[in-house]
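Peer 1: Build the full structure now, drawing on both the sequences and the hints.
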Amino acid sequence: MTDAAAVSRARAGDADAFRTLVDRHSNAVFRVAYRMTGNEHDADDVVQETLLRAYRQLERFEERANFGTWLHRIAINCSLDLLRARGRADKHYGGDPEEAELSGAAKSDAQQDRLLLSAELQTHVKAAMERLSGNERTAFVLRHFEGMPVEEIGKTLGIQVNAAKHTIFRAVRKLRESLEPLVRSKACNT
Amino acid sequence: MQHLNEEQLVLHHYHDGDGAAQAEQHLAACADCRAQYETLRRVLTLVDSMPIPERGAEYGEQVWTRLRWKLGSERRRVRRWQAAFAAAAMLAIAFVSGILWHQRTNSVGAGAPASASAPEGGRAHTAAIAAAPETNKPTQILFVVVSDHLDRSERMLLEVANARAGRPLDMSEERAEDLVASNRIYRISAQQRGETRIASLLSDIEPVLLELAHAGSTLSPEKLAALQKRIDSKGLLFKVRVMSAQVDDRETAGAAPKGTNSL
Numbered sequence: 001m002t003d004a005a006a007v008s009r010a011r012a013g014d015a016d017a018f019r020t021l022v023d024r025h026s027n028a029v030f031r032v033a034y035r036m037t038g039n040e041h042d043a044d045d046v047v048q049e050t051l052l053r054a055y056r057q058l059e060r061f062e063e064r065a066n067f068g069t070w071l072h073r074i075a076i077n078c079s080l081d082l083l084r085a086r087g088r089a090d091k092h093y094g095g096d097p098e099e100a101e102l103s104g105a106a107k108s109d110a111q112q113d114r115l116l117l118s119a120e121l122q123t124h125v126k127a128a129m130e131r132l133s134g135n136e137r138t139a140f141v142l143r144h145f146e147g148m149p150v151e152e153i154g155k156t157l158g159i160q161v162n163a164a165k166h167t168i169f170r171a172v173r174k175l176r177e178s179l180e181p182l183v184r185s186k187a188c189n190t
Numbered sequence: 191m192q193h194l195n196e197e198q199l200v201l202h203h204y205h206d207g208d209g210a211a212q213a214e215q216h217l218a219a220c221a222d223c224r225a226q227y228e229t230l231r232r233v234l235t236l237v238d239s240m241p242i243p244e245r246g247a248e249y250g251e252q253v254w255t256r257l258r259w260k261l262g263s264e265r266r267r268v269r270r271w272q273a274a275f276a277a278a279a280m281l282a283i284a285f286v287s288g289i290l291w292h293q294r295t296n297s298v299g300a301g302a303p304a305s306a307s308a309p310e311g312g313r314a315h316t317a318a319i320a321a322a323p324e325t326n327k328p329t330q331i332l333f334v335v336v337s338d339h340l341d342r343s344e345r346m347l348l349e350v351a352n353a354r355a356g357r358p359l360d361m362s363e364e365r366a367e368d369l370v371a372s373n374r375i376y377r378i379s380a381q382q383r384g385e386t387r388i389a390s391l392l393s394d395i396e397p398v399l400l401e402l403a404h405a406g407s408t409l410s411p412e413k414l415a416a417l418q419k420r421i422d423s424k425g426l427l428f429k430v431r432v433m434s435a436q437v438d439d440r441e442t443a444g445a446a447p448k449g450t451n452s453l
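Protein chains in written order, with this note's numbering: chain A, 1 to 190; chain B, 191 to 453.
Check the hints yourself; a few may be wrong.
To be verified - Using C-beta positions, here's what the derived DEER-type ranges look like:
1. B/A221 <-> A/Q57: 51 to 57 Å
2. B/Q212 <-> A/R11: 47 to 53 Å
3. B/D422 <-> A/R84: 39 to 45 Å
4. A/R84 <-> B/F275: 33 to 39 Å
5. A/R170 <-> B/A415: 50 to 56 Å
6. A/F145 <-> B/R224: 24 to 30 Å
7. A/L52 <-> B/E244: 21 to 27 Å
8. A/H166 <-> B/E251: 40 to 46 Å
9. A/E180 <-> B/K260: 41 to 47 Å
10. A/T123 <-> B/F275: 53 to 59 Å
11. A/K155 <-> B/A210: 20 to 26 Å
12. B/T235 <-> A/A28: 18 to 24 Å
Stated by the list, open to error - A partial selection of chain B residues facing chain A, derived with a Cβ cut-off under 10 Å:
13. L230
14. D238
15. G246
Claimed, not checked - Over the 12 Å line for every Cβ pair with chain B, so calculated as not near, a few chain A residues:
16. A4
17. W70
18. R86
19. K155
Honestly, the hints are just simulated from the structure, not real lab data.
All values reported here derive from a predicted model rather than from experimental measurement.
Using N, Cα and C, we set each Cβ at its ideal position, and we do this for glycine too.
Peer 2: The following block contains the structure:
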């Protein structure tokens with residue numbers, strides 16, 4: 001059954017059809033929610049809220065549109081609502097920013113060798129992302145992972161296009177500051 | 191030659207801005223900027239490796255299990271509104287019909303004695319009102335409240351069935367006591383209305399709810415194990431789910447045309 005057929009049947013009241021959509025899209029919604037919130041439990045909450053909103057708004061879904069894309073948009077809005085409700089819109093997500101900053105600083109040769117391990121790199125990427133403020137992270141995730149145009153990011157965040165652009169610049173600069181030593185050392189070692 | 195700044199490199203990476211062609215030309219000619227861009231590209235590629243916790247293949251099923259409670263209450267809320275609206279509309283129609291009928295009989299029988307028209311108008315009014323409460327029968331109300339109660343009970347039984355010894359059970363005494371009190375009322379109502387299967391199931395779950403109300407969140411590992419065994423051996427969760435679906439169907443059949451399968 002295609003998504004369009006499942007939506008059509010769910011609209012007519014078929015619970016199993018909506019269940020099929022939940023089953024099919026939950027993992028993808030979780031990924032976008034996690035990138036947006038940076039927190040596993042928050043991401044689970046966002047998944048629930050997204051699907052509940054989708055169910056309530058099924059009548060508004062245009063059948064020609066892509067259901068997955070539509071869900072992503074709802075998930076992004078739910079994530080933003082959650083972050084705003086928690087007052088995290090312009091705060092750091094978690095972890096210790098000082099520690100995150102240190103992670104990007106120059107390290108000894110032995111340490112640099114260890115950084116080649118993918119798991120270690122991932123830890124550093126996570127820490128670098130945690131250095132971003134809420135808006136920086138959101139704008140960056142929307143541009144980098146979701147491929148959303150800057151104009152739309154501005155609308156989503158309720159800010160001017162220029163402000164959205166500069167938020168993305170700031171995010172990229174911070175990520176570069178944290179991660180550049182790693183890509184350099186990796187390049188030297190490979 | 192003016193080098194590309196960091197912002198221009200970012201714009202170039204995401205194909206944003208108007209100067210794509212110039213940036214491309216500059217990068218082809220300038221080794222410094224090319225190196226800068228390469229570093230940026232590597233950083234952003236590294237970001238792609240940001241770890242995302244794994245949610246297995248069964249995640250959709252888990253999400254659905256939690257979601258169906260919310261969808262259930264959503265559905266009931268909508269249905270209650272529909273029933274209330276239908277009842278209000280029927281009453282309004284009955285009221286207006288009664289008045290119109292009364293006026294008509296008064297004007298037709300202008301010369302007749304007043305006492306002759308009153309029973310006619312009264313009969314019409316009574317007949318219309320008699321049709322009105324069709325959506326509001328006491329048994330129909332029982333289905334609505336029992337359906338809600340079974341959902342809440344199933345959720346509690348599920349929490350107990352999935353609880354692990356040594357971990358605190360997130361369950362307040364008030365919540366369990368509330369369920370026990372509701373269970374008793376609905377069991378008696380079901381018995382009175384001849385709904386023996388509903389009454390029997392509510393009798394089965396009552397001791398478990400009572401036990402939980404007494405224990406609250408301080409359920410000992412032994413008691414938890416005993417309750418889990420009881421839930422399992424009597425197939426309580428399965429029975430509650432089956433009954434819940436049946437009550438939902440009967441509730442729907444009463445509120446909507448027969449054969450309508452709703453969420």
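Peer 1: If a hint holds in the structure, say so; if it doesn't, say that too.
Peer 2: Consistency of the hints with the structure:
The beta-carbon spacing between B/A221 and A/Q57, approximately 53 Å, falls within the hinted interval of 51 to 57 Å. In this structure, B/Q212 and A/R11 meet the distance hint of 47 to 53 Å, their C-beta atoms being roughly 50 Å apart. Range check, B/D422 to A/R84: about 43 Å between beta-carbon atoms, so the 39 to 45 Å window is met. Checked against the given bound of 33 to 39 Å, the beta carbons of A/R84 and B/F275, roughly 34 Å apart, stay inside it.
The hint said 50 to 56 Å for the Cβ distance between A/R170 and B/A415, and at roughly 55 Å that hint holds. In this structure the hint that A/F145 and B/R224 lie 24 to 30 Å apart at CB holds, the actual value being about 26 Å. Take A/L52 and B/E244: their Cβ atoms lie about 24 Å apart, and the range 21 to 27 Å holds. Separated by about 43 Å at the C-beta atoms, A/H166 and B/E251 satisfy the suggested range of 40 to 46 Å.
Evaluation of the 41 to 47 Å hint for A/E180 and B/K260 yields a pass: the beta carbon distance comes to about 45 Å. Between A/T123 and B/F275, the C-beta spacing of about 56 Å keeps the proposed range 53 to 59 Å intact. Roughly 23 Å separates the CB atoms of A/K155 and B/A210, a value that falls within the hinted 20 to 26 Å. The hint said 18 to 24 Å for the Cβ distance between B/T235 and A/A28, and at roughly 21 Å that hint holds.
Checking B/L230 against chain A by beta carbon gives a least distance of about 6 Å; that is within 10 Å, so the hint holds. Annotation: B/D238 was flagged as interfacial toward chain A, and the flag holds, the nearest CB pair being 8 Å apart, inside 10 Å. Annotation: interface hint on B/G246 holds; nearest CB of chain A at approximately 9 Å, less than 10 Å. Chain B leaves A/A4 outside its interface by the beta-carbon criterion, the shortest separation being 18 Å against a cut-off of 12 Å.
The Cβ of A/W70 lies farther than 12 Å from every Cβ of chain B, with a closest approach of about 17 Å, so its non-interface assignment holds. Every beta carbon of chain B lies more than 12 Å from that of A/R86, the smallest distance being close to 19 Å; the non-interface claim holds. Distance check on A/K155: its Cβ is at least 15 Å (rounded) from any Cβ of chain B, clearing the 12 Å threshold; non-interface status holds.
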